[in-house]
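S.K.: Given the structure of chain A, go ahead and fit chain B onto it with the hints provided.
Here the protein sequences come in this chain order: A and B. 1 is the number of the first residue of the first sequence in full-length UniProt numbering; add one for each residue after it. 1 is the number of the first residue of the second sequence in full-length UniProt numbering; add one for each residue after it.
Check before you lean on any hint, since a few could be wrong.
Note that identical chains are pooled: a pair holds if it fits in a single copy or bridges any two copies.
[Unchecked claim] 27 angstroms max Cα-Cα, derived DSS-like pairs, lysine-lysine:
hint, residue 1, residue 2
1, Lys-41, Lys-23
2, Lys-18, Lys-41
3, Lys-18, Lys-82
4, Lys-18, Lys-56
5, Lys-56, Lys-41
6, Lys-23, Lys-82
Think of the hints as simulated: they come from the structure by calculation, not from any bench.
Below, each chain spelled out in residue letters.
Number of protein chains: 2
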Amino acid sequence: MSSSSYSNYTNSPCAACKFLRRKCTSECVFAPYFPPDEPLKFANVHRIFGASNVSKILHEVAPHQREDAVNSLAYEAEARLKDPVYGCVGAISVLQREVLRLQRELEETNADLMRYASCLGGETSAYGGRRG
Amino acid sequence: MSSSSYSNYTNSPCAACKFLRRKCTSECVFAPYFPPDEPLKFANVHRIFGASNVSKILHEVAPHQREDAVNSLAYEAEARLKDPVYGCVGAISVLQREVLRLQRELEETNADLMRYASCLGGETSAYGGRRG
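This is chain A alone, in the form it adopts within the complex:
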């Protein structure tokens, strides 16, 4: 929990309770992760996952992992709002294609390297080619 979100929390209801128009108590599971100065973060996860599913996930994970869980949910929600068809799975496809492209490029570069090594003769062991 960042100190800024905590001080905000003590002054006013968290973004989740403000959005859901309910009293924000000291036991509020959302308060440490949805400070009042970031209303969009909660609005996004609520729109994509629903407050009750977010709360369920938060209760499923250990307290020290809840900030990471909220941030990954917020990332997924934002991606789905930007791209309703693919959401963040679109980023996975792009990255998978990039990994394949780099692996091919590396294989070709290693093949070039081996050709140079054989031109120089007998020095292959010094630059044996990098493994991708």
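M.R.: Below, chain B alone, put in the same frame as chain A:
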């Protein structure tokens, strides 16, 4: 829509309507994408996103993109059930690290290549190094 899911749909309620215990009509937005022989697909997206959010997303996207939308939602839901903290954002982090590793490896291999080229003298133009 696959022919198998359609034929299943005509015989029995889709997996969503079966799960939600409601009548599956010819207008059911879920039926083409949640055939009755894949009950887990709907159970997963319902558990993570909620049926109403999935329905909202399906209505937001064009009919020809709905199958992709459902499949990406099912992928995200399954990833979140396996890893409640990071969901499919975990896969994004792994892939981003792999891209960085391959880019570094490619840079180093290109540097080796340039060293070989300078040893052979004047042949740099033939293998000018690959761009990562």
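S.K.: Next step is simple, just say for each hint if it's right about the structure.
M.R.: Do the hints match the structure? See the list:
1. For the identical chains of this complex, Lys-41 and Lys-23 are intra-copy neighbours only, at 19 angstroms inside a copy versus 36 angstroms across copies, given an alpha-carbon limit of 27 angstroms.
2. For the homomeric pair Lys-18 and Lys-41, the shortest alpha-carbon distance inside one copy (12 angstroms) is at most 27 angstroms, but the shortest distance between copies (34 angstroms) is not.
3. Only within a single protomer do Lys-18 and Lys-82 lie at most 27 angstroms apart by alpha-carbon distance; the minimum there is 24 angstroms, versus 31 angstroms between protomers.
4. In this assembly of identical chains, Lys-18 and Lys-56 lie within 27 angstroms of each other by CA distance both inside one copy and across copies; the values are 19 angstroms within and 24 angstroms between.
5. Taking identical chains as interchangeable, the C-alpha atoms of Lys-56 and Lys-41 lie at most 27 angstroms apart whether they share a chain (17 angstroms) or sit on different chains (19 angstroms).
6. For the identical chains of this complex, Lys-23 and Lys-82 are neighbours neither inside a copy (31 angstroms) nor across copies (33 angstroms), given an alpha-carbon limit of 27 angstroms.
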